[in-house]
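Visitor: Construct the complete structure from the given sequences, taking the supplied hints into account.
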Amino acid sequence: NAGVTQTPKFQVLKTGQSMTLQCAQDMNHEYMSWYRQDPGMGLRLIHYSVGAGITDQGEVPNGYNVSRSTTEDFPLRLLSAAPSQTSVYFCASSEPRGVVGKNIQYFGAGTRLSVL
Amino acid sequence: SQQGEEDPQALSIQEGENATMNCSYKTSINNLQWYRQNSGRGLVHLILIRSNEREKHSGRLRVTLDTSKKSSSLLITASRAADTASYFCATDAGLHSGGSNYKLTFGKGTLLTVNP
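Note that the protein sequences, when read in sequence, are chains P and W.
Start counting the first sequence at 40; every next residue gets the next number (our numbering).
Start counting the second sequence at 278; every next residue gets the next number (our numbering).
These are calculated hints, taken from the structure and not from any lab test.
Hints may contain errors.
No farther apart than 25 Å at their CA atoms in a straight line, the calculated lysine to any residue pairs in the SDA-like style are these [claimed, not checked]:
| no. | chain 1 | residue 1 | chain 2 | residue 2 |
| --- | --- | --- | --- | --- |
| 1 | P | K141 | W | R357 |
| 2 | W | K303 | P | Q96 |
| 3 | W | K303 | P | D95 |
| 4 | P | K141 | W | S345 |
| 5 | P | K141 | W | N392 |
| 6 | W | K333 | W | N295 |
| 7 | P | K141 | W | A358 |
| 8 | W | K333 | P | K48 |
| 9 | P | K141 | W | R331 |
| 10 | W | K347 | P | M80 |
| 11 | P | K141 | W | T304 |
| 12 | P | K141 | W | P393 |
| 13 | W | K346 | P | D95 |
| 14 | P | K48 | P | I143 |
| 15 | P | K141 | W | S301 |
| 16 | P | K53 | P | P122 |
| 17 | P | K141 | W | G293 |
| 18 | P | K53 | P | K141 |
| 19 | P | K141 | W | I326 |
| 20 | P | K141 | W | T344 |
| 21 | W | K346 | P | Y145 |
| 22 | P | K141 | W | N315 |
| 23 | W | K347 | P | K53 |
Since the model is a prediction, treat every value here as computed from it, not as a measurement.
Guide: Okay, structure coming up:
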């Protein structure tokens, strides 16, 4: 069981470039989410999905797109990278609280992105 | 906006000592969770306490919850150098607070350093 897998682990982009951060989970979890982690800011929710075909915005969605065509995959797209998007990005998945009584989130190892 | 706020931001202790971290939050919750993050890694779930519980234990971890004060504490007893990490509280606001069965809101974390 791999859990939550994120690729790539590191990426350097130039301003204006686009890219997709990949996230896959093999636990058949309904809920998937993307966070960014910046020094002194903690984790901030970018986008989330409660199932295939359903996505919604989190706290800081501007400049990012997501889609959820399958239960397993939840890619995050940077449309036109900006230096302000330099951060560490984490993908997480969980079951809904109503199913197992607790919504524990499982995190990937992160993608460290630098935008020059 | 951040729901949980950890205190202190940083804590440095000697091996064998106890470490206490606190978390304050703003709205009613369904449960509160604590996560650990080793440097350069993703977050890992440690313990969950429900809103109707006051104290919970797991190995060397002890969590308390005071819903009247909207606060929680995480105690790590007999700390080890391997406990060096950042610790985050995460709140589940639940459906009655405009939340969901899935979403968690993370605080900014406490950086714990355990010196050998």
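Visitor: Mind listing which of the numbered hints don't hold for this structure, in increasing order?
Guide: 1, 5, 7, 8, 12, 13, 17, 18, 21, 23
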